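**Student:** Listed here are the chains, written in short residue letters.
Number of protein chains: 2
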Amino acid sequence: MDRKIALTGDRPTGKLHLGHFVGSLKNRVGLQQTHDQYIMIADTQALTDYFENSQLVVDNIVEVVSDYLAVGIDPELSTIFIQSQVPALCELTMYYMNLVTVARLERNPTVKAELTQKDFGKSIPAGFLCYPVSQTADITAFKAEVVPVGEDQLPMIEQANEIVRRFNRLYNTQCLKEITAHLSETKRLVGIDGKAKASKSLNNAIFLSDTPEIIKEKVYAMFTDPGHLKVSDPGKVEGNVVFQYLDAFHPNADEVSALKSHYRKGGLGDTVIKSLLNDVLQQLLQPIREKRAQLKKENLFDLCFEGTQKARSLAEKTLSEVKTAIGIDFFEKRNFYQRNH
Amino acid sequence: MDRKIALTGDRPTGKLHLGHFVGSLKNRVGLQQTHDQYIMIADTQALTDYFENSQLVVDNIVEVVSDYLAVGIDPELSTIFIQSQVPALCELTMYYMNLVTVARLERNPTVKAELTQKDFGKSIPAGFLCYPVSQTADITAFKAEVVPVGEDQLPMIEQANEIVRRFNRLYNTQCLKEITAHLSETKRLVGIDGKAKASKSLNNAIFLSDTPEIIKEKVYAMFTDPGHLKVSDPGKVEGNVVFQYLDAFHPNADEVSALKSHYRKGGLGDTVIKSLLNDVLQQLLQPIREKRAQLKKENLFDLCFEGTQKARSLAEKTLSEVKTAIGIDFFEKRNFYQRNH
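Heads up: the protein sequence lines correspond to chains A and B, in order.
So that you can map any letter, position 278 of the first sequence is 278 in this note's numbering, and since no number is skipped, the others follow by simple counting.
So that you can map any letter, position 13 of the second sequence is 13 in this note's numbering, and since no number is skipped, the others follow by simple counting.
A few of these clues could be false.
No distinction is drawn between identical chains; accordingly, a pair holds when it is met within one copy or between any pair of copies.
Unchecked claim - List time: in silico DSS-like cross-link candidates among lysine-lysine, alpha-carbon distance up to 27 Å:
| id | residue 1 | residue 2 |
| --- | --- | --- |
| 1 | Lys-297 | Lys-323 |
| 2 | Lys-15 | Lys-323 |
| 3 | Lys-200 | Lys-230 |
| 4 | Lys-296 | Lys-323 |
| 5 | Lys-15 | Lys-236 |
| 6 | Lys-291 | Lys-236 |
| 7 | Lys-197 | Lys-143 |
| 8 | Lys-265 | Lys-4 |
| 9 | Lys-122 | Lys-112 |
For the record, the hints were derived by calculation from the structure and aren't laboratory data.
Computed from a predicted model, the values in this text were never measured in an experiment.
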């Protein structure tokens, strides 16, 4: 197989929602047909800020894997693995941490932005500050050539490439590959309140596993145009969440375009467009929900185990090259890795 | 065996010298009779500030192991292992890094003192700042109850115990043990120039592997009492390097005491005491040097391999308990660790 390797992943801190679906999951269902796709359940990374609530991270692993399979990610085509079960990633992180300064990590715009969102104050956990190094380990371990990211993640890729270049120069090797970021085409999905992106923590997202009743409730609670009081009034499409969701999910763009004109002119009520969006989302989510309901938890761990074995093998290979480059491959040729527990 | 576990180690950044001998090696030769002693070649830690000169670290591993065996550390009694070949230590470090803040690491007095010695300036490598976390991983991994340290290392032990307490409280476990520091009895050995402690970087140490000629040269170059011009002059014993070395190495304390009185009164020349010290050191170092010369490099790696396997097994056990406490022991019961390279 000469397929390029793609790496994606999610922090298991909650079930996945429509924002993940349009922003990433749909893309991955396509990628797995053309790429050797690795999908990482980033539990170690999640623990850098959820270490006080590790149970939440643990519980959500199976939820996230369920969401993957439900949307059509096929474990025969994609390698789903659990980050914490690939020790080579920790080892790579340790060696890369020597090649990046504390000041540089503190300047990382993505980290900076996240720090202001969290309430760490002056008490920034060392693990959190260093998570970009850990991400560099993830990406380089699998020699991923395709790493789909949002625009806000570009500084992470730049950080990773700095480490890659420094490592290769310092140890006179080419064993690490620079990463080309693939910007996701689809923009972020707005929350149902219209105020921010859809997210679990803001409680403004429609989850892939929501019941039909909850979906309907959330659609009918969507922010539209507060000036659009009577059906006959002209309505605003910009900032109208229902239309943004129709843009993202309605299969027929022309139809959505016609509805927008009608809404702008007046004579099209919110209830009508919400009812239409509800139909569209119910149709999209019903098969996903049904597939999700049929999944067996044991099987999910089986497939994570299989995937993790494959991921380990690839990551160990890179680690071995890295150790050889540094010169610390003392026992490489020995049958060292027979553990006895 | 109900022996307590002792953990010691050295950064392989140079051959070992008399300072190591009185400060630590002699003690270890005794400890191995009463304790289950693990001796770590701390190459990963050495790389946190020698990452630009990894070959030096690599080359010195075999030198340090040679010094161990030459002074009487017995691989049948002590487990000598190489830090970089125990991946569990990296994994533990990652999880502990979430439990310590960047500010706390920056306040660590040992790190602070070392930072002023090094020329990092504002460019402190993240790996260097975090090395106390890595040390915590080392100590806890082996559940060492005896960790001989110098006074300057006490803040490291305090740091480690903070992490241990936080981990146990947070994850409701007792799997990590608090560490009791064992202050080394012997003080630091002064350098032959009398100005600082004996160290390779200051080029003022007598190495265990020095030739008889070099030893003699260094003894005769020792700082004594610059006011002691004529043999008949009274001489100062305080700050006189020769007497400090006689205190440390002469087998008969009474004899040294008598020499000191004589020197203070006047009538005892520097050449006489230097000649005596030279005899004492030649007698001490000859068998060490001869034993060292007989060692075969391949055998040294063999014994490091054996020791590292034992160390891995113990560290993996602790890691497994740590992962269980956090809740991320997903595949523990599976035969996961069959690597295929």
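**Student:** None of the hints should be skipped; say for each whether it holds.
**Tutor:** Quick rundown of the hints versus the structure:
1. Lys-297 - Lys-323: Close across copies (21 Å), not inside one copy (37 Å); limit 27 Å.
2. Lys-15 - Lys-323: Between copies only: 23 Å across, 37 Å inside.
3. Lys-200 - Lys-230: neither (33 Å within a copy, 86 Å between copies)
4. Lys-296 - Lys-323: Intra 40 Å, inter 24 Å, cutoff 27 Å: inter-copy only.
5. Lys-15 - Lys-236: So Lys-15 and Lys-236 fail the 27 Å test inside a copy (32 Å) and across (77 Å) alike.
6. Lys-291 - Lys-236: neither (37 Å within a copy, 89 Å between copies)
7. Lys-197 - Lys-143: Neither: 31 Å inside a chain and 47 Å across chains, both beyond 27 Å.
8. Lys-265 - Lys-4: For Lys-265 and Lys-4, neither the intra-copy (49 Å) nor the inter-copy (84 Å) Cα distance is at most 27 Å.
9. Lys-122 - Lys-112: both (12 Å within a copy, 19 Å between copies)
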